[in-house]
Amino acid sequence: MDPVVQDIADHLKVLADPARLRILKELMVVKAEKNVCVRDLAERLEISQPNVSHHLKVLKSAGFISCKKPCHEDQRYAYYSVDRAKIEGLFSNVIESIS
Numbered sequence: 002m003d004p005v006v007q008d009i010a011d012h013l014k015v016l017a018d019p020a021r022l023r024i025l026k027e028l029m030v031v032k033a034e035k036n037v038c039v040r041d042l043a044e045r046l047e048i049s050q051p052n053v054s055h056h057l058k059v060l061k062s063a064g065f066i067s068c069k070k071p072c073h074e075d076q077r078y079a080y081y082s083v084d085r086a087k088i089e090g091l092f093s094n095v096i097e098s099i100s
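Numbering (our numbering), first residue to last: 2 to 100.
To be clear, the hints were calculated from the coordinates, so they are not data collected in a lab. Treat the hints loosely; a few may be bogus.
[What the hints assert, rightly or not] PhoX-like, lysine-lysine: derived pairs with alpha carbons at most 20 Å apart: (1) K14 / K26; (2) K69 / K87; (3) K26 / K69; (4) K35 / K61; (5) K32 / K61; (6) K32 / K58; (7) K70 / K58; (8) K87 / K58; (9) K32 / K70; (10) K61 / K14; (11) K58 / K14; (12) K58 / K69; (13) K69 / K32; (14) K61 / K87; (15) K35 / K69; (16) K87 / K26; (17) K14 / K87; (18) K26 / K61; (19) K26 / K58; (20) K35 / K70; (21) K87 / K32.
[What the hints assert, rightly or not] Here are the simulated distance ranges between beta carbons: (22) P19 / A79: 19 to 27 Å; (23) S100 / M2: 17 to 25 Å; (24) R40 / S98: 37 to 45 Å; (25) D3 / Y80: 33 to 41 Å.
Glycine included, C-beta positions come from ideal geometry on N, C-alpha and C.
Turn these sequences into a full structure, and let the hints guide you.
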């Protein structure tokens, strides 16, 4: 199989999960406000923190989101934001590959 097509398929599989799409949407909505942590996402989406953490890990390893650790040791949360360019690039590659 063409490696580019396989890469596209692998990334689309990541986005095929409804919970992950909800998380991405929420991260896009709150972008103007701030970066959000797992607890914030779990509360807003009514998904358990362990499930949110799992989905964030998958999204991060696919490159769809980034994680920023706090600067101060007394802050224990990691904050997440969407890499919009990565998502736009994926869909641009989809269009190119099927054209």
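Status of the hints after comparison with the structure:
{"no.": "1", "hint": "K14 / K26", "result": "holds, 17 Å"}
{"no.": "2", "hint": "K69 / K87", "result": "holds, 17 Å"}
{"no.": "3", "hint": "K26 / K69", "result": "holds, 18 Å"}
{"no.": "4", "hint": "K35 / K61", "result": "holds, 18 Å"}
{"no.": "5", "hint": "K32 / K61", "result": "holds, 16 Å"}
{"no.": "6", "hint": "K32 / K58", "result": "holds, 19 Å"}
{"no.": "7", "hint": "K70 / K58", "result": "holds, 14 Å"}
{"no.": "8", "hint": "K87 / K58", "result": "holds, 16 Å"}
{"no.": "9", "hint": "K32 / K70", "result": "holds, 16 Å"}
{"no.": "10", "hint": "K61 / K14", "result": "holds, 14 Å"}
{"no.": "11", "hint": "K58 / K14", "result": "holds, 14 Å"}
{"no.": "12", "hint": "K58 / K69", "result": "holds, 13 Å"}
{"no.": "13", "hint": "K69 / K32", "result": "holds, 14 Å"}
{"no.": "14", "hint": "K61 / K87", "result": "holds, 11 Å"}
{"no.": "15", "hint": "K35 / K69", "result": "holds, 12 Å"}
{"no.": "16", "hint": "K87 / K26", "result": "holds, 14 Å"}
{"no.": "17", "hint": "K14 / K87", "result": "holds, 15 Å"}
{"no.": "18", "hint": "K26 / K61", "result": "holds, 15 Å"}
{"no.": "19", "hint": "K26 / K58", "result": "holds, 16 Å"}
{"no.": "20", "hint": "K35 / K70", "result": "holds, 14 Å"}
{"no.": "21", "hint": "K87 / K32", "result": "holds, 16 Å"}
{"no.": "22", "hint": "P19 / A79: 19 to 27 Å", "result": "holds, 23 Å"}
{"no.": "23", "hint": "S100 / M2: 17 to 25 Å", "result": "holds, 18 Å"}
{"no.": "24", "hint": "R40 / S98: 37 to 45 Å", "result": "holds, 38 Å"}
{"no.": "25", "hint": "D3 / Y80: 33 to 41 Å", "result": "holds, 37 Å"}
In this structure, none of the earlier numbered hints is contradicted; all agree with it.
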